[in-house]
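2 protein chains.
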Amino acid sequence: MQSINIGVLDSGIGGLTVFRALLAEAPHINFHYIGDTARVPYGSKSPESIRSYITELKLMLEARSQLDALIIACNSATAAFGDTLTQLAQYPVLGVIRPGAERALQVSQSKNIALIGTTQTIRSGAYRRALEHHGYEFKLWEKACPLFVPLIEEGLESHSLSTSAIRHYLAELPELTDTMILGCTHYPLLLSQLQQAFPQMTFVDSASAIAADVKTRFSKSPQKTYKSVRHSIHFTDKAAFEHRLVQNIISNHPLDVIE
Amino acid sequence: MQSINIGVLDSGIGGLTVFRALLAEAPHINFHYIGDTARVPYGSKSPESIRSYITELKLMLEARSQLDALIIACNSATAAFGDTLTQLAQYPVLGVIRPGAERALQVSQSKNIALIGTTQTIRSGAYRRALEHHGYEFKLWEKACPLFVPLIEEGLESHSLSTSAIRHYLAELPELTDTMILGCTHYPLLLSQLQQAFPQMTFVDSASAIAADVKTRFSKSPQKTYKSVRHSIHFTDKAAFEHRLVQNIISNHPLDVIE
Numbered sequence: 081m082q083s084i085n086i087g088v089l090d091s092g093i094g095g096l097t098v099f100r101a102l103l104a105e106a107p108h109i110n111f112h113y114i115g116d117t118a119r120v121p122y123g124s125k126s127p128e129s130i131r132s133y134i135t136e137l138k139l140m141l142e143a144r145s146q147l148d149a150l151i152i153a154c155n156s157a158t159a160a161f162g163d164t165l166t167q168l169a170q171y172p173v174l175g176v177i178r179p180g181a182e183r184a185l186q187v188s189q190s191k192n193i194a195l196i197g198t199t200q201t202i203r204s205g206a207y208r209r210a211l212e213h214h215g216y217e218f219k220l221w222e223k224a225c226p227l228f229v230p231l232i233e234e235g236l237e238s239h240s241l242s243t244s245a246i247r248h249y250l251a252e253l254p255e256l257t258d259t260m261i262l263g264c265t266h267y268p269l270l271l272s273q274l275q276q277a278f279p280q281m282t283f284v285d286s287a288s289a290i291a292a293d294v295k296t297r298f299s300k301s302p303q304k305t306y307k308s309v310r311h312s313i314h315f316t317d318k319a320a321f322e323h324r325l326v327q328n329i330i331s332n333h334p335l336d337v338i339e
Numbered sequence: 081m082q083s084i085n086i087g088v089l090d091s092g093i094g095g096l097t098v099f100r101a102l103l104a105e106a107p108h109i110n111f112h113y114i115g116d117t118a119r120v121p122y123g124s125k126s127p128e129s130i131r132s133y134i135t136e137l138k139l140m141l142e143a144r145s146q147l148d149a150l151i152i153a154c155n156s157a158t159a160a161f162g163d164t165l166t167q168l169a170q171y172p173v174l175g176v177i178r179p180g181a182e183r184a185l186q187v188s189q190s191k192n193i194a195l196i197g198t199t200q201t202i203r204s205g206a207y208r209r210a211l212e213h214h215g216y217e218f219k220l221w222e223k224a225c226p227l228f229v230p231l232i233e234e235g236l237e238s239h240s241l242s243t244s245a246i247r248h249y250l251a252e253l254p255e256l257t258d259t260m261i262l263g264c265t266h267y268p269l270l271l272s273q274l275q276q277a278f279p280q281m282t283f284v285d286s287a288s289a290i291a292a293d294v295k296t297r298f299s300k301s302p303q304k305t306y307k308s309v310r311h312s313i314h315f316t317d318k319a320a321f322e323h324r325l326v327q328n329i330i331s332n333h334p335l336d337v338i339e
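As you go down the protein sequences, you meet chains A and B in turn.
Counting along the first sequence from 1, when you hit position 109 you're at 189 in the working numbering, and nothing is skipped either side.
Counting along the second sequence from 1, when you hit position 100 you're at 180 in the working numbering, and nothing is skipped either side.
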């Protein structure tokens with residue numbers, strides 16, 4: 081019997097939007113999540129610190145199960161590694177930036193793309209490099225939106241404060257922009273407010289982009305039978321278990337929840 | 081020649097409002113600051129995590145100089161220790177909660193006091209216990225305001241988003257309230273917006289309360305001569321050095337800045 085184990089690392093709870101998409105797209109795989117809630121957020125921290133945290137989290141996952149792949153479900157962390165991401169392990173290591181960048185290039189008509197993310201993700205230039213990698217002509221408008229994560233963490237997505245913050249950060253969005261990359265795994269939770277503010281925009285969300293990528297790489301073989309799946313969620317600080325998003329995922333999936 | 085060394089610990093840069101007040105009130109003392117910017121913010125983390133971080137930071141300070149006292153310039157951290165705070169070291173350990181609570185009881189006429197702070201500080205009930213300790217009759221209205229720290233960290237104190245956030249959190253402030261405790265070391269940076277929203281209110285700020293306390297405990301003796309003072313600032317993640325508040329303090333004081 082076959083069993084595929086994939087680790088999912090994030091700075092906190094935001095990566096659960098990726099985890100949720102993975103559970104939906106590839107239900108034959110065991111997914112093991114660690115959120116570094118003891119040190120969240122990564123967005124304002126230095127690349128050196130972030131790299132050492134991610135390495136620690138990876139060792140924690142490896143101590144529990146033999147991994148077939150590792151997903152860094154955090155844009156700030158993916159950005160902090162840059163080209164050295166794949167060297168993190170012997171097995172495949174996937175970041176959230178490349179799939180999001182590719183999807184944006186596919187869907188944009190005008191090739192005027194906007195990117196929103198944390199300070200660290202924007203400053204790294206990682207999305208720009210991933211977009212340039214494909215050799216297409218494009219224009220990129222980038223904006224760090226540091227208040228979005230705390231607004232979401234507080235459950236204020238639908239509050240007028242979120243609408244005001246969206247207006248504040250995106251006031252100078254160039255008119256030709258037709259595609260916006262949600263360059264932070266928290267941001268899909270703010271999607272409906274962003275859609276209301278920009279009804280013509282196509283939003284590219286790294287959660288669904290990476291889930292589609294994983295589905296292709298680790299597709300279910302009709303010749304094989306699979307062990308019944310067991311997923312797990314772990315946090316470095318257990319206060320995260322109280323969050324609405326965590327509760328929601330726990331109540332909808334068969335999970336081993338580890339404090 | 082006499083030399084007094086006092087350590088100042090905080091989760092990040094907020095405690096610099098206390099550090100700044102200490103430099104002004106007790107210029108004969110060497111103050112050594114560590115901000116745990118690698119793990120900021122503490123406000124949403126569990127008491128167990130916070131206590132282990134503070135213990136680590138204390139050891140880092142002790143490795144550098146022989147301390148005469150330690151100030152926990154962070155409300156969330158002070159709250160996480162509760163009654164065990166003074167057991168942290170053989171020398172005096174001072175938190176920011178008791179001085180703030182005492183000052184509020186002194187200045188309030190109506191004894192209707194409001195407390196604003198992080199989720200962790202409010203949840204701990206530490207201010208309520210500190211107020212009750214004095215046996216006075218009082219009414220306390222408490223409100224966690226998790227967006228204030230990120231708004232301040234982003235330099236948006238004067239932006240309409242801060243005004244909206246103040247309105248959001250303090251909409252139900254009881255009418256008789258005449259004194260508000262700023263139960264987070266970041267909040268003094270939002271003082272002028274709070275004063276505009278509540279012009280009749282007396283704001284109690286733990287920075288000045290604790291600086292006055294230290295000045296009394298370690299008063300300069302006219303019989304002694306003091307070595308020329310050396311202060312230091314250290315952060316567990318060096319990205320904090322770019323912050324406006326840090327730059328401002330560094331440019332105004334003789335400091336050893338340690339990355």
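Read the hints as simulated data drawn from the structure, not as lab findings.
Among the hints, a few may not be true.
Said to hold, decoys possible - Listed below are the simulated DSSO-like cross-link pairs for lysine-lysine, each with C-alpha atoms no more than 27 Å apart in a straight line:
| # | chain 1 | residue 1 | chain 2 | residue 2 |
| --- | --- | --- | --- | --- |
| 1 | A | K307 | A | K138 |
| 2 | B | K318 | B | K138 |
| 3 | B | K223 | A | K138 |
| 4 | A | K223 | B | K138 |
| 5 | B | K223 | A | K318 |
| 6 | B | K138 | A | K318 |
Hints, one by one, checked against the model:
1. K307/A - K138/A: The hint holds at about 24 Å.
2. K318/B - K138/B: Holds. K318/B to K138/B sits at ~18 Å (cutoff 27 Å).
3. K223/B - K138/A: violated, 38 Å
4. K223/A - K138/B: Measuring from Cα to Cα gives roughly 38 Å; hence the hint is violated.
5. K223/B - K318/A: holds, 23 Å
6. K138/B - K318/A: holds, 24 Å
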